[in-house]
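Engineer: Each chain, letter by letter, is given below.
Protein chains: 2
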Amino acid sequence: MDVKDFLDFGKASMDFIVNYMETLRDRPVLPNVEPGYLSQLIPEEAPKEAETWQEVFKDIERVIMPGITHWNSPNFYAYYPSSQSYASIIGELLCAGIGGVGFSWICSPAFTELEVITLNWLGKMLNLPSEFLNCGNGSGGGVIQGSASETTMICLIAAKDRKIRRIKSIHPDWDEHIIKSKLVAYSSDQANSSVEKAGLLTSVQMKLLPTDNNCSLRGETLLRAIEKDLKDGLIPCYVCATLGTTGTCAFDNLEEIGPICNQYEIWLHIDAAYAGAAFICPEYRHLMAGVQYADSFNVNCHKWLLLNFDCSAMWVKNSKYLIESLSVNRIYLAYDKEGLAPDYRHWQISLGRRFRSLKLWFVLRLYGIEGMQRHIRNSISLAQKFADYVESDERFELVTNSMALICFRLKGDNNWTKELLTRLTERKRIYVIIASLCEKYIIRFCISSRLCQEKDIEFAWKEISEQATEILQTKLRPIEEILTQSSVKSYDDIVLRIENSKHKSNNITQKIT
Amino acid sequence: MDVKDFLDFGKASMDFIVNYMETLRDRPVLPNVEPGYLSQLIPEEAPKEAETWQEVFKDIERVIMPGITHWNSPNFYAYYPSSQSYASIIGELLCAGIGGVGFSWICSPAFTELEVITLNWLGKMLNLPSEFLNCGNGSGGGVIQGSASETTMICLIAAKDRKIRRIKSIHPDWDEHIIKSKLVAYSSDQANSSVEKAGLLTSVQMKLLPTDNNCSLRGETLLRAIEKDLKDGLIPCYVCATLGTTGTCAFDNLEEIGPICNQYEIWLHIDAAYAGAAFICPEYRHLMAGVQYADSFNVNCHKWLLLNFDCSAMWVKNSKYLIESLSVNRIYLAYDKEGLAPDYRHWQISLGRRFRSLKLWFVLRLYGIEGMQRHIRNSISLAQKFADYVESDERFELVTNSMALICFRLKGDNNWTKELLTRLTERKRIYVIIASLCEKYIIRFCISSRLCQEKDIEFAWKEISEQATEILQTKLRPIEEILTQSSVKSYDDIVLRIENSKHKSNNITQKIT
Chain R
592 MDVKDFLDFG KASMDFIVNY METLRDRPVL PNVEPGYLSQ LIPEEAPKEA
642 ETWQEVFKDI ERVIMPGITH WNSPNFYAYY PSSQSYASII GELLCAGIGG
692 VGFSWICSPA FTELEVITLN WLGKMLNLPS EFLNCGNGSG GGVIQGSASE
742 TTMICLIAAK DRKIRRIKSI HPDWDEHIIK SKLVAYSSDQ ANSSVEKAGL
792 LTSVQMKLLP TDNNCSLRGE TLLRAIEKDL KDGLIPCYVC ATLGTTGTCA
842 FDNLEEIGPI CNQYEIWLHI DAAYAGAAFI CPEYRHLMAG VQYADSFNVN
892 CHKWLLLNFD CSAMWVKNSK YLIESLSVNR IYLAYDKEGL APDYRHWQIS
942 LGRRFRSLKL WFVLRLYGIE GMQRHIRNSI SLAQKFADYV ESDERFELVT
992 NSMALICFRL KGDNNWTKEL LTRLTERKRI YVIIASLCEK YIIRFCISSR
1042 LCQEKDIEFA WKEISEQATE ILQTKLRPIE EILTQSSVKS YDDIVLRIEN
1092 SKHKSNNITQ KIT
Chain L
592 MDVKDFLDFG KASMDFIVNY METLRDRPVL PNVEPGYLSQ LIPEEAPKEA
642 ETWQEVFKDI ERVIMPGITH WNSPNFYAYY PSSQSYASII GELLCAGIGG
692 VGFSWICSPA FTELEVITLN WLGKMLNLPS EFLNCGNGSG GGVIQGSASE
742 TTMICLIAAK DRKIRRIKSI HPDWDEHIIK SKLVAYSSDQ ANSSVEKAGL
792 LTSVQMKLLP TDNNCSLRGE TLLRAIEKDL KDGLIPCYVC ATLGTTGTCA
842 FDNLEEIGPI CNQYEIWLHI DAAYAGAAFI CPEYRHLMAG VQYADSFNVN
892 CHKWLLLNFD CSAMWVKNSK YLIESLSVNR IYLAYDKEGL APDYRHWQIS
942 LGRRFRSLKL WFVLRLYGIE GMQRHIRNSI SLAQKFADYV ESDERFELVT
992 NSMALICFRL KGDNNWTKEL LTRLTERKRI YVIIASLCEK YIIRFCISSR
1042 LCQEKDIEFA WKEISEQATE ILQTKLRPIE EILTQSSVKS YDDIVLRIEN
1092 SKHKSNNITQ KIT
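Residue numbers (our numbering), protein chains in the order written: chain R, 592 to 1104; chain L, 592 to 1104.
The following block holds chain R by itself, in its conformation from the complex (with noise of 0.2 Å):
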């Protein structure tokens, strides 16, 4: 591929890409294909012979547009936002370009100061205290990591390290093993199934603590299985607090979490993957209060700040803790001017490492800090919309409305809701998916697309209202009959007396669900 070539194709792509966010909205946002269905489309073996740049872009429409589900689309309202924009796209652009590996300064010293800079300029925006930023007199600081998951599973490994470390300098006659098996690290049962799996990988026992009614993770919840696991011998060295679960956008408690923390000397991860984000803007601060408590913090810029995926921005207060457990070296790593600037690859799992600093630092200066705060605001101010929509109808029940994440179900059977959500997928003309609390279904629609527009909360709401209108005709005519005598008010007694009524007769319940 000469150069000609390859400008020829990258003006196709990006022309590509212009038109494909500007026809996103009129594409089904999910695929309509089989599992298998792409080994239909494209040979068994790879080519021997070079194909021409042409025949390979013309497959993208062909073969894997067919294939997508699409994030980037206003109809998608599904897990939480994988976002993007045109600075970001050009960001990775350029990385690729460039090229090359940073995992020690040397290897390239922009890679790893570009990255000690962006996550201190993110860090001031988000307000994180000094202690975490690479700018004071400390040992803190930010670095990029590829996702949440291994952000969670990174600390809890220099958790577990200190921990013994410390245990061992007061019992230095107790083995270590028998240290690591009684290791315990805590979360609440909203956490991320990545925070479960991080105890999967390192081997420590994960409890997920039950949370209050609002989802979150109580101090008192915290203290007592603390002080029965002492009492059973074990030792707790890791706490993962969230902000923003995932289930429902709940917030744990930190002003009770932290100081416990402290006083047991356990590690406070907080991640904050998502809801963190909205903590560039002033008036959603209150909602990470207590984050002076932690030992770090996680906020996936790839999630809600307009960043492509991967740009987990991870920050420490202490990197010294990172550096104890995870450093290896060998005589071709070394390097002179060694130990002036951080060498990321002792604050991570991999040796490998992009330049990933370069997207966020484009993104950064290209919308400036008023442009982000407005993405953020605007999200939630849609999101708003919706769960007005919701609330405005008397068949909904609006289950929890949290930043951009609004979590709503039918009145009724839990069947009912997950009917509607089978109707949704099946139409494609809008991705929600379901979530669980308090052995209720719930539908989550959280605004993710940064295309997304008062007309598409409207066409959403309508898509979901008339599926809903579909299943409660069928579903309440019986009921409807069945109370025909009876002095019925509103949709709310309806279903109060479906309720009931299925207390009282099996029958009836069969008809209905």
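Be a bit skeptical, because a hint or two may be false.
Note: identical chains are not told apart, hence a pair may lie in one copy or across any two.
Said to hold, decoys possible - Computed cross-link-like contacts, DSS-like style, restricted to lysine-lysine with a CA-CA straight-line distance of at most 30 Å:
id: 1; residue 1: Lys771; residue 2: Lys1053
id: 2; residue 1: Lys1009; residue 2: Lys1031
id: 3; residue 1: Lys649; residue 2: Lys602
id: 4; residue 1: Lys1053; residue 2: Lys649
id: 5; residue 1: Lys976; residue 2: Lys639
id: 6; residue 1: Lys911; residue 2: Lys771
id: 7; residue 1: Lys649; residue 2: Lys928
id: 8; residue 1: Lys759; residue 2: Lys822
id: 9; residue 1: Lys819; residue 2: Lys715
id: 10; residue 1: Lys819; residue 2: Lys1066
Derived from the structure by calculation, the hints contain no laboratory data.
Following the hints, put chain L in place on chain R, whose structure we already have.
Structural biologist: Okay, now just chain L, sitting in the frame of chain R:
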């Protein structure tokens, strides 16, 4: 940033990349900056208001380029390559443009399915046993990881879990923590630092076994270690064999190691991060003889296969073991049709993942198998040209010659080689790094850039040779004076006499070193 800005910035960036590639030879391969240079050049805080793309763009040359180590420069011979190609760059561009993450099939079927297919393509190109491919009847298959570090670690976790499960099935009453404390893994003392780190991260004792004179781990050494450990009550669970070590590109003896691993039910992982790429050429496949004994195999496409970092290809014979040890589920991750295609989140550490197979697909198609083979053969042939230079100069010792990595040294005192490296590094005309072998310092010279040509090898050799002359003139003058009356026949004679004289007289040695 609107569409016009995106297209303009994109065009400027494409032109920048082309210009960068074409001027690489003229840029000093190593940057001339001190730690902290970048904080002098850019503000301490993110801008409040958006800047223009032109302002951002001009900073690439002004502040970034001075801090770049040019991994794609023809004068870069350090570490192993971090490759890059125009085809791969466009792959990254479109990956960013499409956006999204692919943790499960439904998240974008094309992400998963293209990965399955391209890893079948590449697996066939490498002539991997069909059990490793996801197109037979078994549970084998490939997956793209971020790095060999991740791969080594993931397979160690799977190995550990498999062993624990097997032991528990025989001795259900044994304590799991005690089993864990007795697990032991092996690699050679030449294995990459990431292998030792995998042991650290997963709390499995990783024993670095001694190698033979060719830096190769032999069956007998492994067998002795296993038998001793079994006798001591330990539980061997994992061997990481290296095909192409980082120091000298040595190959462990798989044909000896493999049957031992199989006999003792030890997971055999093959780290062929660098040298594995060469197996796309039939003439190098004898070096992977014994691969059929392995449980997992890894080659980093971002090293020598023209792919940008990150794209670490890994295959397993039985994905069940990954899934058993890495699966964590949540209701919001469930979907219809689950289980009909791989959900790659169960094959890796993180939940999220990029559409990395796109660039692999592009590179394989735009080079074709023959084009990829030409690249490998060209690198090796350039390395041989360099080896010829070394061998033709009596002042140098050719220590090892494997694939596109040549290790050499100045005959005589270790410090001479060290000084040669220091001078080369300070002069920044070429970038090479040091390694050690049997207590001797050696310089690693690895062909890295796809732009490297014969004229670059000549340039590099001239630089090395001239610096050697300058060093040796200083070092040898006193010796030559001493020896002036004697019958010195050759350079080897001088070195030999120096070595002899060291034993005879400390005075002389002091003058030399």
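Engineer: Hint by hint, note whether the structure agrees.
Structural biologist: Verification of the supplied hints:
1. In this assembly of identical chains, the alpha carbons of Lys771 and Lys1053 never lie at most 30 Å apart, being 55 Å within a copy and 56 Å across copies at closest.
2. For the homomeric pair Lys1009 and Lys1031, the shortest alpha-carbon distance inside one copy (10 Å) is at most 30 Å, but the shortest distance between copies (69 Å) is not.
3. In the homo-oligomer, the alpha carbons of Lys649 and Lys602 lie at most 30 Å apart both inside one protomer (14 Å) and across protomers (21 Å), since each shortest distance falls under that limit.
4. In this assembly of identical chains, Lys1053 and Lys649 lie within 30 Å of each other by CA distance neither inside one copy nor across copies; the values are 36 Å within and 47 Å between.
5. In this assembly of identical chains, Lys976 and Lys639 lie within 30 Å of each other by CA distance solely across copies; the values are 28 Å between and 55 Å within a copy.
6. In this assembly of identical chains, Lys911 and Lys771 lie within 30 Å of each other by CA distance both inside one copy and across copies; the values are 21 Å within and 27 Å between.
7. With identical chains, the CA atoms of Lys649 and Lys928 are at most 30 Å apart between copies only, with a shortest distance of 29 Å across copies and 49 Å within one.
8. In this assembly of identical chains, Lys759 and Lys822 lie within 30 Å of each other by CA distance both inside one copy and across copies; the values are 20 Å within and 28 Å between.
9. Taking CA atoms no more than 30 Å apart as the test, Lys819 paired with Lys715 passes in neither setting, with 39 Å inside one copy and 55 Å between copies.
10. In this assembly of identical chains, the alpha carbons of Lys819 and Lys1066 never lie at most 30 Å apart, being 48 Å within a copy and 70 Å across copies at closest.
Hints 1, 4, 9 and 10 from the earlier list are contradicted by this structure; the remaining hints agree with it.
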